[in-house]
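What follows is each chain in one-letter form.
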Amino acid sequence: MNPELLRNMWVELTERRVTLMVVIVACILLVAISPGDWSSAAFTAELVFYAVVVVWGTRCAAQSVVEEIGNKTWDGQRLSAIRPWTMVSGKLVGSTMLAWIGGAMCFGVIVYATIRAGGGSTVVNLALYFLTIGVLSQAAALLASLVAVRRRMSHSRFDVFLYQLAGLIAALLVWRVWQTADPTSVFRRLTGGIDAFAVSEVWWWGGSYDPGTFYVASLVAFVFWTLLGNYRVMRRELQVQNGPVVWLIFLGFLAAYAGGFDFWRNYIREPTFMMGMRAVQAGIAVTVVTYVMALVEPKEVVAYRWLIERFRHWQFGALLSRFPAWCYAYLVLTGLGVTAILTLPWSIAESANIYGGPMIVLAALGFVLRDCAVFMAMGLGQVGKRSDIAALAILALLYVFMPGMFSHIEGSTAFFYPSEHDPAWLNPLLAWSQALIGWFLILRRRDLRVRPQI
Amino acid sequence: MIEVRNLVYEYPNKRALDGVSLTIESGTITALVGPNGAGKTTLMRCLAALEMPYSGQVLINGLDTRENPRRIHENLSFLPDFFGLYDSLSVRRCLTFAARAHGLTGRDVDVAVDKAAERVGLTERMKQKAAELSRGLRQRLAIGQAIVHEPKVIMLDEPASGLDPDARRSLSALFLELKASGLTLIVSSHILSELEDYSGSMIIIQNGKMVGGQAVTLTENRISYLVELAAPADGFEVFLQGLPGVSRSESLGPISQIWLDTPDRRAGVVQAIVQAGYPLCGFAETKRTLEQTYLEETGKAVR
Chain L
1 MNPELLRNMW
11 VELTERRVTL
21 MVVIVACILL
31 VAISPGDWSS
41 AAFTAELVFY
51 AVVVVWGTRC
61 AAQSVVEEIG
71 NKTWDGQRLS
81 AIRPWTMVSG
91 KLVGSTMLAW
101 IGGAMCFGVI
111 VYATIRAGGG
121 STVVNLALYF
131 LTIGVLSQAA
141 ALLASLVAVR
151 RRMSHSRFDV
161 FLYQLAGLIA
171 ALLVWRVWQT
181 ADPTSVFRRL
191 TGGIDAFAVS
201 EVWWWGGSYD
211 PGTFYVASLV
221 AFVFWTLLGN
231 YRVMRRELQV
241 QNGPVVWLIF
251 LGFLAAYAGG
261 FDFWRNYIRE
271 PTFMMGMRAV
281 QAGIAVTVVT
291 YVMALVEPKE
301 VVAYRWLIER
311 FRHWQFGALL
321 SRFPAWCYAY
331 LVLTGLGVTA
341 ILTLPWSIAE
351 SANIYGGPMI
361 VLAALGFVLR
371 DCAVFMAMGL
381 GQVGKRSDIA
391 ALAILALLYV
401 FMPGMFSHIE
411 GSTAFFYPSE
421 HDPAWLNPLL
431 AWSQALIGWF
441 LILRRRDLRV
451 RPQI
Chain Y
455 MIEVRNLVYE
465 YPNKRALDGV
475 SLTIESGTIT
485 ALVGPNGAGK
495 TTLMRCLAAL
505 EMPYSGQVLI
515 NGLDTRENPR
525 RIHENLSFLP
535 DFFGLYDSLS
545 VRRCLTFAAR
555 AHGLTGRDVD
565 VAVDKAAERV
575 GLTERMKQKA
585 AELSRGLRQR
595 LAIGQAIVHE
605 PKVIMLDEPA
615 SGLDPDARRS
625 LSALFLELKA
635 SGLTLIVSSH
645 ILSELEDYSG
655 SMIIIQNGKM
665 VGGQAVTLTE
675 NRISYLVELA
685 APADGFEVFL
695 QGLPGVSRSE
705 SLGPISQIWL
715 DTPDRRAGVV
725 QAIVQAGYPL
735 CGFAETKRTL
745 EQTYLEETGK
755 AVR
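So the protein lines, in turn, are chains L and Y.
Quick note on numbering: our numbering labels position 269 of the first sequence as 269, and the sequence is numbered without any gaps.
Numbers in our numbering are just positions in the second sequence, counted from 1, shifted up by 454.
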């Protein structure tokens with residue numbers, strides 16, 4: 001048996017804790033069931049499921065590694081023979097086992113109510129949804145905590161809440177998307193049956209799919225990638241080097257997934273234009289990943305100094321093996337950007353006498369690189385949340401406050417974010433100038449160029 | 455065997471280890487000493503493959519820490535100075551987890567757990583929770599966890615801090631027992647007298663560098679003999695140097711210090727001195743302490 005799972009069972013599944021969980025959940029469900037309205041009972045069971053598996057489960061998952069650090073047992077685990085995947089699964093399943101016991105009781109009520117209401121055919125999708133939303137949220141919380149561990153951040157209760165928040169946000173997104181496919185959803189009950197994003201079919205890569213099935217398949221894929229993310233960060237924590245291949249495959253998957261949605265199928269028929277639109281969609285998804293990675297990846301001066309030294313010595317194999325994930329994401333983004341520039345029609349913009357589309361993409365690439373420079377400038381050599389907050393504050397300044405302050409100057413937005421201007425080259429020129437100046441200043445830092453002495 | 459080649463470890467504004475190279479033979483106990491902030495703990499963490507060096511190479515039994523960190527972790531234990539235990543688990547469960555976490559399965563787990571408990575003297579407390587143990591017993595449990603899978607290398611950072619004299623003595627005995635069973639131990643401590651009883655060699659780290667460029671063998675020239683004459687005698691030092699079995703001698707007035715090839719030579723030396731008519735009035739064994747050796751070596755480095 002997985003030793004980490006066994007240890008968690010010893011700690012989590014004490015007689016007292018299991019009894020408490022079973023009694024509390026059973027009492028709530030019995031109260032819900034007693035009036036005989038199974039629809040309401042299922043609603044209550046769903047809420048209890050979210051409370052126990054998602055809210056409390058993410059807390060447990062976020063704490064699983066952080067607690068080890070607080071108790072000074074983490075180095076002992078790192079020095080064991082436990083394999084990275086065994087460690088991840090042991091922690092994820094082990095720390096949330098009690099929550100799943102409560103969740104299973106709720107799920108039983110939900111399934112029974114669904115079958116009674118004649119929805120037997122949807123039970124498999126429902127089971128996959130509840131399983132995946134639980135696993136995804138908990139895995140996301142664990143991943144956030146592992147990333148924080150890699151960044152050597154502090155682990156106060158508030159920090160654990162932030163890691164938990166990552167899981168909660170993931171769950172909220174999944175829940176909201178799921179609601180768009182369900183006519184009897186909690187969301188529609190709360191809004192009197194109105195859902196502006198409700199869909200009856202999903203168009204993806206030219207095909208039409210049932211939303212429930214499509215969402216479940218997507219969820220399964222994202223659960224897989226989140227678990228793989230946990231595995232990869234755990235490998236690093238256990239001192240095993242990760243190559244870039246898996247990360248690049250993930251970026252490829254994300255680009256293909258996001259680029260596949262045919263939102264514009266009724267308006268665009270021209271294949272090259274379609275490719276451009278897909279590249280833009282994929283680019284937006286990869287941009288999000290680039291920002292997230294630039295924010296959360298450790299920005300250790302020593303690691304970057306090492307990379308610069310490898311570059312100076314033309315040791316590209318070593319350089320690429322430890323290249324930061326955000327750099328790879330940016331390279332993929334550049335590829336997508338170039339594709340968009342080459343395939344998006346200039347004619348649309350020409351009608352307005354400006355070269356908008358492709359130029360905006362070119363500018364966007366520059367602004368993303370500038371923003372990465374902001375993350376780097378604020379984060380290099382810093383540990384903790386302050387550098388993140390400082391970077392985000394600067395971005396808020398650049399994207400919200402300063403454009404507002406200079407709104408009276410015509411064309412001033414060209415300095416701050418991608419937007420249409422006349423002449424069209426102004427926006428990319430300003431974006432790339434800022435990016436290059438930012439990176440020039442960062443690379444001039446003494447601690448990146450000169451190795452310290454004793 | 456542990457081999458370190460030109461190890462460099464850097465912090466953003468400080469180089470913690472600067473070109474450390476050393477070799478530690480299997481089945482030995484090596485003391486790792488040096489002032490606070492010298493780089494001892496960083497060195498140990500690099501040896502344990504918990505930190506990756508900026509450059510250089512660490513080989514543990516032929517495995518590179520960069521290439522095979524997990525295989526090294528399997529066969530190595532590192533007990534940091536501030537360690538933690540699973541307080542809500544019993545001693546048996548703590549040891550069982552440690553054994554399983556190092557790949558032991560089935561009946562081997564119980565055998566290993568019982569053996570480790572016996573070695574650290576916790577057999578009577580197997581059902582007690584870790585939280586209920588005293589400081590000394592917690593230390594023993596931590597050491598028990600570190601040796602339960604019988605690693606080839608054990609590194610301990612300040613293992614005796616907070617222990618009473620009896621516990622320290624039994625810890626020394628345990629280390630010697632582990633060494634006798636073929637394990638390699640590296641022990642870091644500020645308390646040099648504590649290392650005296652079991653260390654065979656000493657590595658001194660100062661300002662991130664290894665003092666003297668190599669480990670100091672402590673058994674060599676460690677024991678010497680003081681020869682006291684009732685009055686100073688001309689040519690006595692030359693006489694001593696000519697005696698069979700005397701490898702070195704130093705004289706100051708009526709007192710001389712001699713180093714012998716083996717302790718068996720003592721009777722012969724005393725007999726020779728008396729037969730030669732020197733007024734011998736004292737012959738005693740003297741041990742050079744680890745502290746003296748440390749000060750001598752670091753003094754050399756300063757000079």
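It should be emphasised that the hints constitute simulated quantities derived from the structure, not laboratory data.
Do not take every clue at face value.
Below, computed lysine-lysine pairings styled on DSSO-like, alpha-carbon distance capped at 27 Å [to be verified]:
id, chain 1, residue 1, chain 2, residue 2
1, Y, K569, Y, K583
2, Y, K741, L, K72
3, L, K385, Y, K606
4, Y, K569, L, K385
5, Y, K606, Y, K663
6, Y, K468, Y, K633
Only a predicted model underlies this, so the values are computations on that prediction, with no experimental measurement involved.
Going down the list of hints, with the structure as the test:
1. K569/Y to K583/Y: Given that 27 Å is the threshold and the Cα spacing comes to 19 Å, the pair holds.
2. K741/Y to K72/L: Status violated; Cα separation ~39 Å.
3. K385/L to K606/Y: Since the Cα atoms of K385/L and K606/Y sit roughly 41 Å apart, the hinted pair is violated (cutoff 27 Å).
4. K569/Y to K385/L: It is violated: about 46 Å lies between the C-alpha atoms, which goes past 27 Å.
5. K606/Y to K663/Y: holds (26 Å)
6. K468/Y to K633/Y: The hint is violated at about 35 Å.
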